[in-house]
Structure formats: structure tokens, C-alpha cells
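**Student:** Each chain is listed here by its residues.
2 protein chains.
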Amino acid sequence: MLIHSMKANQLNSFLISALTEENPFITTAEVEVWLEQQNHAVQVGIEQIAFSEMTHWNFSQDQSRLQHQSGGFFSIEGIHVRTNWREVKEWEQPIINQPEIGYLGIITKEFNGILYFLLQAKIEPGNINYVQLSPTLQATRSNYSQVHGGKAPAYLEYFKDRKRAAILMDQLQSEQGARFLRKRNRNIIIQVTEAIEVQEAFIWLTLGQIKKLILKDNLVNMDTRTVISGIPFKSFEDIGLFSYNHNPVKMSMLISSVGKGISIYSFEELVAWLTALKCRYELIVTGIPLNQVKKWTITDWEIVEEEGRFFKVIAARVTISNREVSSWCQPLVKPAQDGLIAFVVKEIFGVLHFLVQAKLECGNFDILELAPTVQCLTGDYKRPEYEIPFLDLVLGASPESIRYDAMQSEEGGRFYQEQNRNRIVQVGAEFPIEVPENYTWMTLNQMNTFITFNNYLNIQARSLISAVNFL
Amino acid sequence: MLIHSMKANQLNSFLISALTEENPFITTAEVEVWLEQQNHAVQVGIEQIAFSEMTHWNFSQDQSRLQHQSGGFFSIEGIHVRTNWREVKEWEQPIINQPEIGYLGIITKEFNGILYFLLQAKIEPGNINYVQLSPTLQATRSNYSQVHGGKAPAYLEYFKDRKRAAILMDQLQSEQGARFLRKRNRNIIIQVTEAIEVQEAFIWLTLGQIKKLILKDNLVNMDTRTVISGIPFKSFEDIGLFSYNHNPVKMSMLISSVGKGISIYSFEELVAWLTALKCRYELIVTGIPLNQVKKWTITDWEIVEEEGRFFKVIAARVTISNREVSSWCQPLVKPAQDGLIAFVVKEIFGVLHFLVQAKLECGNFDILELAPTVQCLTGDYKRPEYEIPFLDLVLGASPESIRYDAMQSEEGGRFYQEQNRNRIVQVGAEFPIEVPENYTWMTLNQMNTFITFNNYLNIQARSLISAVNFL
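Going down the list, the protein sequences come from chains A and B. Mapping the first sequence onto our numbering, position 313 (from 1) lands on 313, and the numbers just tick up by one. Mapping the second sequence onto our numbering, position 227 (from 1) lands on 227, and the numbers just tick up by one.
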């Protein structure tokens, strides 16, 4: 018997309170110092090793996949892709297959009328800053079901036992479609009322603080960013609580963009636009053995494309030393270069609109997802192999038109020092409203409505949206 | 360059006008007579033949599939299913694989301020009534791309040429998850303004007329029902235009159920409920050769389960004779018995709520879809093999509590004389609000919001919703 425990509109009033940056537990400046201390207190060693040196990981006998000996966690497999999207109609590549749905969960609690979010300073081997602010719980099913030994992740019981917490948000969201095969995570925010122990390396932060820290490079990890991107903006609009923002002159526009103001397209028009594109574009993905992926070679040390493009799969021995020493081996995906994701935004009818792209990626669950205006992660955007719309505009944007600009990491548990420039660029009246057919204009509220449903906004779009308060 | 051609709110005002049953072209009673005439004017012969006698269809050399020689249309394949849903954890079965997205399209046009829908009396071999009211266009990609010869379907050009019509609705919707492997159709309603020829066997009907005809057995085909189920109820609520309904005492309740009244659960709670279930239930479907499907046998004449349960695949020679004679062969799926689909509805907080089930079926695109309270299509509901919640209540409902009851056909192009009892039963205060965990209560508006997005409401739920005006 399921007892729905979430109270209607509870999310709204609490999250509004959370937008404050006043925090008696820890100020935003102190968080940065604290993160630095956490970083100093730990030694992280990443040693690239040969695949044959990995403990618990091996290629299957037929070389069809690189896998954990338990069959859990994830594996590296091969896929053949056929599509009628853009220039490249057919290719093969390695991909991460992780069919388990993991938890990305944040515990919240009210203190003196303000909602706080419990984040942790979490070490991940692939992070540029080894320690970044992560959700309370970040666990694959292999982790939390403990089938492979190990202790249960901290705070897991609050998410598993439905009577201990109210659910504020619970959504299925996609991961990187160029790297993961239809991977999804459960993005969940719960609220506890009972006393709760704050374990070491965990802190209570307001949403306002988290959003301020996203302005800095590589402090807030991808998992935290995707969870908070699902928080509806309409909550905030109701009482216009954007006033803490650093750029008050932009506020009226932002408020209008999340309100019930005029959007250039109705929601039904946006659904029709996407339906037509999903019917036009095909994506046929077939599993193939990893050692038969065309143009890719498995050496003793890496799985690499013939021209060194896109990414490599490497084997790593990770050693974490703080008070204890722990060490394990795992594959990591190492990108060929930094990437770029960017939204172009424009005021239309007095309302801020985002230029959204319907983008096909091989690991997508449903052919196309809604992506930022520019998304260059797999190829080199400094030497693009084919024309990328709006790339020059984003790269050449004047400082006054750049509303947000930071380097942000991808998930450090899978990706080795992968960081992408996150940028939001505002264009003026000279920028045309008519755009190529796989682009359209949406308000923040329209994007947020799509986020509520599975597999609409991709993780790059969500990463940018998580920063939006600070346009 | 895509020019969005749909006008915001155009759908609403026009569809409201369409709710009238006054039609100067043809009255509702005349439509029934006309359909009967169409049925008399045609001879439909369905002869069951051996698989080896089929022209253009054959088993692949390795007996892994039954296919059209062009590779188009559809094929019958085998699947292995593994799940943790309910009693049966693992099984194998034949399934229809039709990866192409087809059109289910209705042309509308305004005459004297009223919107009319262009439907056709279409012959389909599997229909109980051979001739049923079908959408203007009902075409697979194999049909409309004409790769296999044949003439283009009537009115196709209005859907393909985006400048000839405004789009009122354009959605991707699923088909039967127990029979089709992730099949979807494009449900589209367009509006033309130019003069348009009404070809033979086509008529202009109002939405009110179509909904009235759905009250009768087997007159409006499944494809028409799914398309009109996507029309938002909120349009109607705005001006309370339910007054043409036959049961005016129920009207206030129905209007409240589609309005912004209090629903028992917020939309966010419903999304959270479904997310938790999607994370709990697994569905792993693997393709296997058709001749290796356990418990199923391919004879010369049929593909049949060892106890004759569920359905058979048969080979049919279809002969249609009116002024011309046309004949072709194709496989058809023949169910073992009639099925039952039913919604239980209840007034909660003065608002009518529907008891919705999250149901796993092997061909589902995303594990679970929202289904009617009771859905018994694949097993025999008169001799159920395991307990089916609410079955007795629906079967034993008193006449006063039955708000809708009709036999409706599944799609006659694939299914041989498959019809299901469609029923809506209203329960009173004695019926508990707490329901098993994979059931929840939704208002019509909440269901309609889910319909807007891909693969939420299944085709059985949509079939029942298409009748709802007449509760």
C-alpha cells in the first residue's frame, strides 16, 4: 500500500525559502575554504595501468566487452549506429552500458523556516578538483544493494524507507547520450523532519548558496547540478523571489520568462515540433563485440580511435588516502579535449527565450533529446569537422553578452578530468527569430515542464539550467 | 527552415465548436445508416490459408521471423521476456515488430464557424464490422513512401506538405504493448482552409457526433479513438460546453473533473509515484528466433501456444469486392477470447477521479504505461490464472453504476475480429481511496497532460478516454 507522502505545494514554499544565501551553519565563502581543506586533506592517486593489471575487471573471453567480474556496475561494449541525422550516417564506437538506474538523491530539512540541502564533499577519481559538492546520496544499484560487499552508502535508509521522509521531487533523467547507452538516474529530493546526524564531509546549504557556487569552476558536481535543475522555476516566480540575484536589472526579464507571460510558441506547438522531428529521424543501435568496433583499437593500455578523436577508455588504479587508504581499479573514459555547451538566449515579446536544439545522440533513449544551442563534447569544437550552427557566435560573444561562464566537470566516477565550458550568451534584436528546423525557442517554464517527464531535456541542457538564477 | 504554423489556442476554440451534434452534412442517425450501406456494398472474404500459400510473405530461411519479402510493413518475431513484475517472471512469445512510425491523421476544416473532422468508412479485414469510421489518413511508412508500389493514400499530401495545413495536434502514441514491440504512431490533427474534395467513402463529422458513435459497438475504429483521445479536455471546460451531454446531472461533476479543481494528488506526486515504480520494475526483452519460442509451435497453418491461450498468428487471404476486386495475403493475430478494459471512477473532493494502473507489458517502450483499472486482453478474464484487482467489481457492476459500456475493435489491419468490452464504472463513497501501490487516482486533466508526452497512457486507456464525454 503506497501512502503518497508528498504534500501539494510543499515544494514551492520550502524552495522559495531555500533561495536565501544567509546560512547560519556556513557562509558561501566558508564553503569554498572548506572544500579546499577537504581537497588538501586527501591524496588522490590516479595511475594509468594496463588492462591486464586491473583487479576485478577483465575483458570477456570473446573480447566482446570490458566488464566487472561480478557482472555489476557497468561495462564497456561496442555499438553500431545507423541514422539519417546530419553528415555521419553510420559509425561504430565503444559505449558505457550501465542498465541499472542509480540514485542521485538530496536530503532536505527545515531549520527556522528555511529549507537546507545536505550535500557532501565527495572525492571522485576523475574530477579536476578531486573533491566536489555532491548530492547526499549518489549510488548505483550495485552500491546500494551491496551485492558485491562493502558497506551501505550513508543516508541510504532515508531514501529506501518511504516512511522516513516526504518526497519533494522524484524524476528519471538521462545521462550523456554520446557516452552511455540509454543510462538513466533517479533524481530525487526528500525532506526529513526527524533529527538527523550530519556525518563527516556533509554540510547543510541553501539552494541559493548552491546556485552561487555553480558560478565557480568545478565546485558543484554534475550529479548535484542535474538534481537541482529539476526544481520548478514557477515556484519562485509566484512571489518574485529572484531579488537576491547579483544582476537586478536582468531580474524583471527573468521573472517574466518563468511566469505565465507570452511565449513565442505554445506548449502544444513545441510538442508538435518535437514529434515531427522524432518521426523524421531514425536511430538504429545494435550491440557489437568491443574488439570488432571499426576504427577503434584495443591496445594493452587503452581503447582508442584511429585518429585519437573523441575519447579513450583507459584503465586506472585509484588510491585515496586521508585517514585511511583505499584503492581500487576501474576503467575511465578520457575525452580528447575539453568541450563546450552553451545556450543562446534572447528577449522575445519581453520574455527571455532559450534557443533549444533537438539533438540525436547514439545513447538516447528516444532518438532526440532537447539540448543546448551549442553542444560540442565528442568532436573538437576548435577544429570542427562540419559546420556547427551558432558556434562562432558563442565563442566570439562580447563580455557584456555573456550571462554565465564556468568550467564544469562531468561525472568523475566515469570520466577522467572531463570538463566543459558552460556558457549562456544573450543576443539582441538583430538575432533572427527564425532558426533552423531542429532548433526552437522555449521559456524557462516550458523547459521545466519538459524536465518533469522522462528523457526530454538532456544532461547538458540541465547542467546549464541549474545555473540559471545568476543570468 | 520550419515555420511553426499552428496558432496558439486555435485548437481550443475550434474544438469547442466541434462538440455540437448538429451537422448539416449528415446527421448522426444517417451516419449509422450510411455505414451499414457501406458494409452491404462490399464483400469481404477472409480465408485462412497455410503460411506456405501466402504471396509476398514467408518465413526467413532460418525460421527466425515471418516477414514481407520487401522487408517492409511488419514481421512476426520471437522475444524472451524477463521481469520482476507480478507472478510470471519469465516467458517467451511471438510479437509484431513494426519499427516504422505510421500516420494516424485527421483533416479538419471549418464551415460556418464549426470545425468538422474528415473520417472515412474504411474496410479492414480483421474488423467485426468490416467497415468502421477511420481517420482521414491511416498509413504506415511502407504505405505512404510507396516503396512497394501501389498508389499514395488519399489526402497524404496535406500531411506531408507543411504549408497546406495548420497543425492542431501532433503526438507520438504507443500501440498494444502485449502484441507490438515498442510500436508507435503519429497521432496528428491538421486544419485546412482551402477547398478540399470529399472523396468517396469520406464524410465530415463533428467531434460531438464521433463521440456519440463511440457509444455504439464497433463503429469507430481504434485509430480514430486514439487520435481524438489526445484532444485536451481543458479546452471544453473553459466555457463549460458539456451541456449537449445526455446525462446532464453528471455534467457538473465532469466539468469539475477537467477543471482546475482539487485533485487528490498533485501532478508532481503522480510523476514521483510513476518514477518509483519505473525504478522498481525491470523489463528485459531479447529478440529470439520465432521457431525457438518456448511453449509456442509453428504449424503449417498457425503459430499457437501449447494450451491455445493468448492468441494465434494465422495466415489470411483477404478479398475485398465492391466495384473492383482486390486481394492480398497477410498474417493476422487472432485472440483466444474477447477482452475487457475498464476504468473505475469515483468522486473525491467533489471531483471525478479515474483509478489508473501502472502496467508493465512486454512491448512497452519504457517499462510501464498508465492503463485502465482493469485490462484483461491477453489472458481469459472469465477464468483468470491469478488475481486481477477490481475485476469482480467491474463485471458485477449494477446497471446504474455503469457510465459507459460498448464493444470496441482493435485495429483490423493486424487483429482478426479482436474486440474488447470497454466499460466505465462509477463507485461510491464506500470504495476506499487507498489502493494497491501500482494504482493511483487521476483527474481527466491530469491524464490528458500525460497524454501530451510520449508513451505515458497506453492505447486501452486512451480508447476509454475517447468515450468520456458521455459518462
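The hints are simulated quantities; they were obtained by calculation from the structure and are not laboratory data. Please note that the accuracy of each hint is not assured.
[As the list claims (entries may be wrong)] Label-pair distances were calculated between CB atoms; the ranges are:
| hint | chain 1 | residue 1 | chain 2 | residue 2 | range |
| --- | --- | --- | --- | --- | --- |
| 1 | A | 58 | B | 285 | 25 to 33 Å |
| 2 | A | 61 | B | 218 | 32 to 40 Å |
| 3 | A | 387 | B | 26 | 48 to 56 Å |
| 4 | B | 60 | A | 216 | 54 to 62 Å |
| 5 | A | 61 | B | 288 | 18 to 26 Å |
| 6 | A | 193 | B | 337 | 50 to 58 Å |
| 7 | B | 47 | A | 387 | 33 to 41 Å |
[Stated by the list, open to error] With a straight-line cut-off of 30 Å between C-alpha atoms, the simulated DSS-like cross-links for lysine-lysine are:
| hint | chain 1 | residue 1 | chain 2 | residue 2 |
| --- | --- | --- | --- | --- |
| 8 | B | 382 | A | 160 |
| 9 | B | 163 | A | 109 |
| 10 | A | 89 | B | 163 |
| 11 | B | 163 | B | 295 |
Backbone N, C-alpha and C define an ideal beta-carbon position, used for all residues, glycine too.
**Student:** All hints, please: hold or fail.
**Tutor:** Each hint, compared with the structure:
1. Between residue 58 of chain A and residue 285 of chain B the beta carbon distance is about 28 Å. The supplied range of 25 to 33 Å therefore holds.
2. For residue 61 of chain A paired with residue 218 of chain B, a C-beta distance near 57 Å fails the hint of 32 to 40 Å.
3. For residue 387 of chain A and residue 26 of chain B, the hinted distance range of 48 to 56 Å is satisfied, since their beta carbons lie about 54 Å from each other.
4. Take residue 60 of chain B and residue 216 of chain A: their Cβ atoms lie about 59 Å apart, and the range 54 to 62 Å holds.
5. Between residue 61 of chain A and residue 288 of chain B the beta carbons are some 22 Å apart, a value that agrees with the proposed interval 18 to 26 Å.
6. Distance hint check: the CB atoms of residue 193 of chain A and residue 337 of chain B are about 52 Å apart, consistent with the given range 50 to 58 Å.
7. A beta carbon spacing of about 57 Å between residue 47 of chain B and residue 387 of chain A contradicts the range 33 to 41 Å that was offered as a hint.
8. About 38 Å separates the Cα atoms of residue 382 of chain B and residue 160 of chain A, which puts this hinted pair outside 30 Å; it is violated.
9. The straight-line distance between the Cα atoms of residue 163 of chain B and residue 109 of chain A is roughly 54 Å, outside the 30 Å bound, and the hint therefore fails.
10. For a cut-off of 30 Å, the pair hint linking residue 89 of chain A to residue 163 of chain B stands: about 28 Å separates their Cα positions.
11. Distance hint between residue 163 of chain B and residue 295 of chain B is unfulfilled; the C-alpha atoms sit about 52 Å from each other, more than 30 Å.
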